[in-house]
Amino acid sequence: MDTVIHTDKLTKRFGDFIAANEITFDVYRGEIFGFLGANGAGKTTAMRMLCGLSKPSSGTATIAGFDIYKQTEEIKKNIGYMSQKFSLYEDLTILENIRFFGGIYGLSDKQLKEKSEQLIGTLGMECEAKKMVGALPLGWKQKLSFSVAILHEPKIVFLDEPTGGVDPVTRRQFWDLIYEAADSGITVFVTTHYMDEAEYCNRISMMVDGEIKALDTPAKLKQEYAVTSMDEVFYRLARGAKRSE
Amino acid sequence: MMDNISTFIKKEFLHVFRDRKTLLMLFGLPIVQIILFGFALTNEITNAKIVVCDYAKDDASQQIIGKLQASQQFDIQRILLNHKQIETAFKDGEIKMAVVFPANFNSDLLHQHKAQVQLITDASDPNTATAISGYANQIVMDYQNELMQLQRVPYQINTEVRMLYNPELKAAVNFVPGVMSLILLLVCVLMTSVAIVKEKETGTMEVLLVSPFSPFLIIVSKAMPYLALSLINLTIILLLSVLVLGMPINGSILLLYAVSTLFIITALSLGLLISNRTASQQSAMLISLMGMLVPSILFTGFMFPLENMPYPLQLVSHIIPAKWYYIIVKSVMVKGLGFSAIWKETLVLLTMTMLLLVVNIKTFKIRLT
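Protein chains in written order, with the working numbering: chain V, 27 to 271; chain D, 788 to 1156.
Hints may be right or wrong, so weigh each one.
Derived pair list, reagent style DSS-like, types lysine-lysine, alpha-carbon separation capped at 27 angstroms [as the list claims (entries may be wrong)]:
(1) V:Lys157 with D:Lys808
(2) D:Lys987 with V:Lys111
(3) D:Lys985 with D:Lys797
(4) V:Lys156 with D:Lys987
(5) D:Lys797 with V:Lys141
(6) V:Lys81 with D:Lys987
(7) V:Lys167 with D:Lys985
(8) V:Lys103 with D:Lys1149
(9) V:Lys35 with V:Lys81
(10) D:Lys985 with D:Lys808
Source of the hints: derived by calculation from the structure; they are not laboratory data.
Let the hints inform the model, and build the full structure from the sequences given.
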């Protein structure tokens, strides 16, 4: 199996506070990797280091084969990112958003035209293509946001709590999009609070107090802790946490 | 890469154009200010009441008086016999200008080929005063030219203009450069900082920073529309002041635009500095208004004369970029001076800009790690 994310003792300190402590894990190509943890456990910090938004204090990591200290530009070209907050421009139309984000990733006009048509077709948003994004329902925005994040066909896409505040039906549809992306070979790295979503992942890691306390497939984790749901796995692990928001 | 930048800049313009209210305000503000001030200060000059004090009573003075009377702009009230009556006439507010011909006006002209006319205006209304003396001067020049054509002798009539009550003509000449500094500050500092902080607030900045697009170019692209808007605004203000207020641009327009561009960059760097330090649009707006705009109004010198301020406050005024720009604009636009007269102020602005940019580049890097 191809390793697309490899970290070795990746650590981030803010003064005395260790937000992420010696995180070591591998993520394989085409995998849906769930990154779980309570609030304040260090998920976002870890993810920001992997995306190049934050510089690690120590440890090493490679993303898509590129070193996170030296080859940040190469990494940026090969990853997609969807932030916790909704991050498209509300005062631009769907089409303009697609063109803009495709454009800054260096897609040509021809590619942009094909891609945007294709994307709008898949999402069934033909009638809304020229509407302002701000006028769309939240679920649509999230789906659009994800599609834009993978427009440039990155090797890995990082999703930071992508389904916050979305209803269960839309969440299900959102996960269909994630599966589609994974099938096409894009590795999905996703943080979430929803334990039903954890079940959808191929493998998950559980962060507690800045450290990875468990890492396996949902089935094996349940077996290991002799429980029937991911909720209980999460509860058992997070119960010992000293810090929370 | 060039494609990427144009994509980015295009997007920034879309943001600006979609926000109709702000756009309206941006262009409305200078227009309203200039026109309000313009009409508060100028009336169209027709039949302005004047008096003439003619010590010469000769051919030449009579001919010029005739021309003044014949023109639409002037309405001669009285011919006075001596100087003292002029002041009473002004104080009663009945006249706008007095024209004084010295004794021997014609003989000076014929024998020495040189003579003087004095134009005394009420400069408490500086726009009218400038315009009126301009018209009168034109009429005297017309007469001089006619004489020269008839007799082929280089006659020269000098007009000596005296601005009563307000020799420096404070108001219009102060106002236009003042509005220019404020509008440019408003657009560049406030709008830029708000536009950048908005991206932080909505989370799009994070997405941009994850993309391969260079952070430096993000900032440059975001600043572009405001640079463009400022230059358009500057042009509007200049057009209005020339066409509506009748205030000419005496110096080089190119120089004016060059120093304005420098000031715009200063203001943009200030806006950028504010956006680097703040996390919400409200605080960016508050800091821009309270921290930048209010001190600029106070310390630029066009509303409250700096000379009258206590010394410590005069020192404070030195760190206000708008003050230096204001001095430059006045020198170039009003006094018609060249670069040699304003290089010191330009150097101050340039140094400020450099410092701000260095601080910006440093803090921006910190934000990324």
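Status of the hints after comparison with the structure:
A C-alpha spacing of about 19 angstroms is found between lysine 157 of chain V and lysine 808 of chain D, which places the hinted pair at or below 27 angstroms, so the restraint holds. For a cut-off of 27 angstroms, the pair hint linking lysine 987 of chain D to lysine 111 of chain V stands: about 10 angstroms separates their Cα positions. Restraint check for lysine 985 of chain D and lysine 797 of chain D: satisfied, since their Cα atoms lie roughly 17 angstroms apart, inside the 27 angstroms limit. For the proposed pair lysine 156 of chain V and lysine 987 of chain D, the alpha carbon gap of about 25 angstroms is at most 27 angstroms, so the pair holds.
Of the supplied pair hints, the one linking lysine 797 of chain D and lysine 141 of chain V holds, its CA atoms being roughly 20 angstroms apart against a limit of 27 angstroms. Proposed proximity of lysine 81 of chain V and lysine 987 of chain D is supported: the alpha carbons are some 19 angstroms apart, at most 27 angstroms. Between the alpha carbons of lysine 167 of chain V and lysine 985 of chain D the distance comes to roughly 18 angstroms, so the proposed pair stays at or under 27 angstroms and holds. Straight-line distance between C-alpha atoms of lysine 103 of chain V and lysine 1149 of chain D comes to about 25 angstroms, which keeps the hinted pair within the 27 angstroms bound.
With a C-alpha separation of about 14 angstroms, the suggested pairing of lysine 35 of chain V with lysine 81 of chain V holds against the 27 angstroms cut-off. Proposed proximity of lysine 985 of chain D and lysine 808 of chain D is supported: the alpha carbons are some 17 angstroms apart, at most 27 angstroms.
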